[in-house]
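Student: Sequence:
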Amino acid sequence: MMVRPVPFFLLFLVLLFTACNPVTPRPAVKIQPESATVEVGKTFKFTATETATWISSNTTVATIDNSGLATGKAPGKTTLTATTTDGRKATAQLEVKSSITITPPGGQLAPGKTLQLNASESVTWISSNTTVATISATGLVTAKALGKTTITATATATDGRKATVEIEVKAAPDLAITPAGGVLTPNKTLQLTANDTVTWTSSNTTVATVDNTGKVTAKALGKTTITATAADGRKATVEIEVKVAPAITVMGGAIQVGRTSQLVASEPVVGWSSSDTSVATIDNTGLLTGVKVGASFITATTADGRQAILPIEVKTALVITRDDSRTFLYAGDTQQYRASEPVTSWSSSDTSIFTVDATGKVTALREGTATLTAQTAEPKIATVTITVKTRLAISPVSTTLEVGNTRQLNANLPVTWSSNSNAVTVNASGLVTAVAIGQATITATSADGQTATVTLNVISSTFSSAQITAFGHTSCALNAAGEATCWGKNDVGQMGAGFISPAGPPTPVTGNLKFSSLMGTSETFICGLSTTKDIYCWGDGLTTPTIPTGLSAGMNVVSLIDTSNLARTLVCGLNAAGQVICNESYMGLNGMTVTAVAFGAQSILEEDPPHSICVLAPSGTAMCWGSPMSLFPSTPEPVTGNLNFTEIGAGHHHFCGLTTSQKVYCWSGNMTPSPILPDLNFQDLIPTGSGRICAFATNNRAYCWTKNSEPQVVKDANNTEIVFASIIGETGLPCGITATQETYCGGNKVATDVPLTAVSAGNSHVCAIRTDQKVVCWGNNEFEQLGVAARNSSVGGVSLTVPHRNIQDFKAFSLKRKLSCGIGLDDRGYCWGESPVQGLPTAVPENKSVISIAAGFVHTNSTYYACWVTVDHTAQCYGDNSRGQFGNGGINLTGPTVGNNWASLVAGYRAHTCGLTTDQKAYCWGEKGDHLGIAAIPDPVAAVPYPVQGGHTFTSLSTAENHTCGVTPEHTIYCWGSNSEGQLGNGTLTSTAVPQLVFGDLQFSTVTTGQSFTCALTLDQKAYCWGANFEGQLGDGTQFRSIVPKAVNTALQFTSISAGNGLSSLSGPDHGYVCAVATDQKVYCWGKNLGGRFGNGTMTSVHLTPTPAVGPVLFKTVVAGVFHTCGISMDNKSYCWGANSDNQLGVLSLQSSSTPILVPQP
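Numbers 3 to 1164, taken from the numbering used here, label the letters of the sequence shown in order.
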């Protein structure tokens, strides 16, 4: 396509038009001013030559509105831009600076005084009136004359920023001192202050001195003038007089609610006041009036300002009280009545109904009603009506019956009879018939609603046992006390009964020995490990086969080694160091350090059988050796394969082991292990003693095999694999319990209606322990090895009552009502009496050495618990945990107490426990209350240990029912909890959870708490008590309480002291008692004697001062409970005395004792 050229004449026309019509440019926009400075928070106005919109390049520094008004936001710079509607622009610069701040913001000065002003940046200073005040270049203002001036600070930067403050110059005030003098007693201090900076001087420093802070210290009687001098010469003075404080004496006796008492001072006073007018008021004459029960402080003030303070206690008006709410007594009862203040006489309106002694103790004689009267010296009279009734009683109070027997019960009133159990029946006349094994409570109810009960135990011909062993044709069992009884074949003395006979009935093993385990090593030889860690044996091969012979005296044997595979008289054990101890040399075994030993089984058909043995080293390595015929190495060599075993067992010259990985390996003389059922994991090995080895797999099946056979699962008669819940022993094949509580031995179901817990087999008979701890036997009875006289093969039982004989030595006791606990010389913990042990001394469930033990009571359930601290400073409890008293984080939970640094524990009577850690810090837990000393009481219980408030450290603690006390390393005592009777000893009756320092400057070594009272020993072995004193438990010869420590009224010195808690029981209300060991090593007690707990040969009495316990025994420590008392003699024997209703004295008689008796051995 061709482009045509533009005609020339058209181009000419365009140029001509443009030249004739030129475009005129518009003027530029301008901003005034082009730059400015503004302070933060201030505004500045910019203007533009035309209407424009405004923006700031940095709105953090400044903003600007459409009128051009800029506002400073923060120090910095920004560019402001104005834009017209046609897009023309202009800019200006704005710098924002901080405001100037002056500190202080002005003030008042006296002539000649100066004031330093400071600015927030560099400034120049100027005063608007230099006649009034000048200012230096550094900002120091100097006052010149009265008046006002304005001080201006101008920024040195040339931006014009300024700030001002006002200064007023006023005349200096008069110098003044407060307080305006006073009266001091020597060594007292008084703080003086002046209204200006001054120096202090005393005109007579012999009388009083004053330091540069104005603190005056009184030195000697007299007067002195204290002068304060200001820098400008102003002065002020006050007078100080040092005088002796006035004395206050009480006239008219103790104050009571609603009564008055005149207080008299040793010199005139101008004012009397009471610190608590709700408790007591006092008028200007010193007449004191009791308002309510409590404590207050009375202050007397002299005209010269001296004061004397007297603590007073307001007590109730005369009232006769007793501990319970009953208005009657039963004939034969004694009941302590008391008045709210001292009385001069007690009387009965009819002494044929009841009598009363000088202390207010009433003795009920016969049915009827009479009036008891108390009279004071004032005189004041109070009366109470007492009704005497006949108490319901039944006999006998307890009994044991065998099934099928009867017993006649008798009551002293017409009654109806009932039983709570189908173990017995009782007819309308009280004739009881034993029907089935068990326990029953028979209740007699009288027409007036009284009840009395008797407990009947129905027993069968079987007896309780803790361990059973059958060997050859003989059987032996241990009861819970560790006493051994044997029966069956006795032709070579294998019963250990002291005689030889073809056969014998169950008979105690002679020698008064206690055993922890028994083991038959052959058909005619048996050994036992005594609780003294010695091995005793009896039977064939001994010089005196019928009497246990000690074979390891002093060897400290802790466990027996099973040597029954050898069928000989070899007996071995492990000592505490893991070393093997045997009664004869055997293949170099003696002295080796091992954890387990297995002997190769020997056949009775071999005349000279080979010997083989394997041991488990502490490292888990199995080592074996044997005689030449055994094919094992002649000296100990490790099994190959680097396996780590936890158990080993022996068959007939082959051995098996359970590894840490739950696998079973077996080997023979080649020492090369082979796996058994490698696809299974196992939880236990079961050597059977018959050449067969069995194992219990994690699938709950049992498998057995011999040296040359394949493992076979144990099946029942229907060829069904038996699923065991647990294995309890063996009879050549495993015996176990299924989940449905059926018992199988091998594949045979045992015909028993009560599940079994342990099984032991002899040559032709089996004996077992049932879950109710009864012994049953079955099999061949040729030698009466089943425990019954009929010599046939059947199921039989054993009948025996075994007395307790030996004595246990203790080194510490803890008592609570019917429960006793202690630490034996063997460092084991033991408890006896009421639940959780129910009976005679029994070791607590703890394998470690015990360093502290505490018996506790749960008041809401009338149940018991015990806690102990082991040598590794952990704590554990058992019994009732319904209030969190175990301290393990919950209610009714088992498990250790929280914490692992415990040093000691104490337990109270309100389901609470306290403990000291190894760094002497105190913690408490359990039933809530002020006795725990916890700042914020959890609800409903403190189930873990909480720190006691105050941060104090203690060397010992003691807790009772409602309060707790502790001795500090500085030999002071702090107490906390209830203070209703002044048991905190701080001079008040105010209860508190905050530990209170016991009043006075005594130095204490130990403290013990009772029911609403406390006692302690000082470093010089003097006894002091405070709190309740209803029955003389303060030992001061009176029955008046004390809110501060009072010395026990005796010249005796004591090395040990213990306060017992009280209880309304036995023969009337009881508020506790105290027993202590004096330096003559005799026990002395004071307070109320109930049930013979004083040990002084009497059952009931009140002693206001210490009285000795009878008997020749010398003691080094004593512990008081509620019903009974225990002590440790100088020869480390343990004695208890008092009530024994629940075996708390450690003997089975259930009879109380008013004199000390020995505690039996666990």
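Take these hints with a grain of salt, some might be off.
[Said to hold, decoys possible] Quick list of the computed label-pair ranges, beta carbon to beta carbon: (1) 753 to 863: 38 to 44 Å; (2) 67 to 101: 17 to 23 Å; (3) 999 to 360: 36 to 42 Å.
None of these hints come from the bench; they were simulated from the model. Just so it is clear, CB atoms sit at the ideal spot from N, CA and C, and this is done for glycine as well.
Student: Enumerate the violated hints, using their earlier numbering and listing them in ascending order.
Tutor: Failing hints: none at all.
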